[in-house]
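*Asks:* These protein sequence lines map, in sequence, to chains A and B. In this note's numbering, each number is its position in the first sequence, counted from 1, plus 734. In this note's numbering, each number is its position in the second sequence, counted from 1, plus 112.
Because the hints were derived from the structure by calculation, they are not lab data. Since this is a predicted model, take the numbers as computed values, not measurements. Each hint should be verified, as a subset may be incorrect.
[What the hints assert, rightly or not] Derived DSSO-like pairs (lysine-lysine); straight-line CA-CA distance at most 27 Å:
(1) B:K139 <-> B:K212
(2) A:K906 <-> B:K209
(3) A:K879 <-> A:K868
(4) B:K209 <-> B:K139
(5) B:K209 <-> A:K879
(6) A:K851 <-> A:K879
(7) A:K906 <-> B:K212
[To be verified] Covered by chain B, per the in silico footprint, the following chain A stretches (three or more residues, Cβ under 8 Å):
(8) 750-758
(9) 773-785
(10) 871-881
Each residue gets a CB set at the ideal place from its N, CA and C atoms; glycine is no exception.
Spelled out, the chains give:
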Amino acid sequence: MDIASLLIFYALAAFMLGMSLLAVTARRVLHAATYLLFVLIGTAGLYLLLNYHFLAAVQLSVYAGGIVILFIFAIFLTNEHDSVSEKHRPLRLILAGLGAVSGLCFTVLVAFTHLFKNYSANTTILGDNEVNMKIIGNTLMGTEKYQYLLPFEMLSILLLACIIGGILIARKQ
Amino acid sequence: MIVQMEHYLVVSALMFFIGVYGFISRKNMIAVLISLELMLNAVEINFSVFNRYLYPERLEGMFFTLFGIAITAAETAVALAIIINVYRHIGDINIRKMNKLKD
Chain A
735 MDIASLLIFY ALAAFMLGMS LLAVTARRVL HAATYLLFVL IGTAGLYLLL NYHFLAAVQL
795 SVYAGGIVIL FIFAIFLTNE HDSVSEKHRP LRLILAGLGA VSGLCFTVLV AFTHLFKNYS
855 ANTTILGDNE VNMKIIGNTL MGTEKYQYLL PFEMLSILLL ACIIGGILIA RKQ
Chain B
113 MIVQMEHYLV VSALMFFIGV YGFISRKNMI AVLISLELML NAVEINFSVF NRYLYPERLE
173 GMFFTLFGIA ITAAETAVAL AIIINVYRHI GDINIRKMNK LKD
């Protein structure tokens, strides 16, 4: 079981990283959107591995079902002369690569040298405590400390503003 | 034996900086937005990993991820509406052509 989860983790990680590399280097934008879909599905797999089943479901339905479809529609709406001819200036690519690699080195260095406070004590709890759906619902709808009714309602207002703004911006005059 | 937390962090850091690379190097506005999605996705992985490994009895990181996913969806919808509007006005979504505000 443990070896299996290790193997699944490394396979998923390799898959996701390969797909994200392809997503930022693909010539056609439609291909990039497809690779992004695979990255998001792999992320849902990571959430399953972490025992956040609800989060994996949300990731699949919102990202894979909503956002990627939105991307594909936008690509089809804006795609007259396809961007295959998109030319890169090599200096810009080198600068982008340098910035990304130096940031990556710094971040990984910090992640490996920093001592996380509760880390060593808790590794045994990790096994099989999936978050109960009832607890999620109560936490999302409660008004006490560490409960999230107010952010939830704020989010619904944000989504409403988004709908109105999207219609207002994208409609024809 | 269990997957070390640092390995998750390395995966999400790699994904984040792949997103940074795409954000700087791409010229199509939708491709830039795709790179942005990669970065946000990496950040959300980090939130839930920290929650699971450091405070497994609490739920804050998971809910932050949940709200982050919803906010990302909203942001993408508005950004794509803006891109479609730009395409309608200029006829192209290359970032180098977005210089009308300069004039």
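*Asks:* Taken at face value, is the distance from the CA of K209 of chain B to the CA of K906 of chain A at most 27 Å?
*Replies:* With a Cα-Cα distance of about 22 Å, the restraint between K906 of chain A and K209 of chain B holds, given a limit of 27 Å.
*Asks:* Regarding the pair K879 of chain A and K868 of chain A, is the alpha-carbon distance no greater than 27 Å?
*Replies:* holds, 17 Å
*Asks:* Are there at least three residues in the region 871-881 of chain A whose beta carbon sits under 8 Å from a beta carbon of chain B?
*Replies:* Three-residue rule met by the region 871-881 of chain A, so holds; n is 3.
*Asks:* Sort out whether K139 of chain B lies within 27 Å of K209 of chain B, counting only the CA atoms.
*Replies:* Holds, because 10 Å separates the two Cα atoms, which is no more than 27 Å.
*Asks:* Is it true that the CA of K139 of chain B sits at most 27 Å from the CA of K212 of chain B?
*Replies:* holds, 16 Å
*Asks:* Is it true that the CA of K851 of chain A sits at most 27 Å from the CA of K879 of chain A?
*Replies:* Answer holds: K851 of chain A to K879 of chain A is near 23 Å, not above 27 Å.
*Asks:* Assess, step by step, whether the Cα of K906 of chain A is no farther than 27 Å from the Cα of K212 of chain B, and give holds or violated.
*Replies:* Between K906 of chain A and K212 of chain B the Cα gap is close to 20 Å, so the pair holds against 27 Å.
*Asks:* Check whether the Cα positions of K209 of chain B and K879 of chain A lie no farther apart than 27 Å.
*Replies:* Roughly 49 Å between the alpha carbons, so the hint for K209 of chain B and K879 of chain A is violated.
*Asks:* Do three or more residues from the region 750-758 of chain A put their C-beta atoms closer than 8 Å to C-beta atoms of chain B?
*Replies:* Coverage by chain B holds here, the residue count being 6 at a Cβ distance below 8 Å.
*Asks:* Has the region 773-785 of chain A got at least three residues whose CB is nearer than 8 Å to a CB belonging to chain B?
*Replies:* Three-residue rule met by the region 773-785 of chain A, so holds; n is 8.
Consistency with the previously given hints fails for number 5 only.
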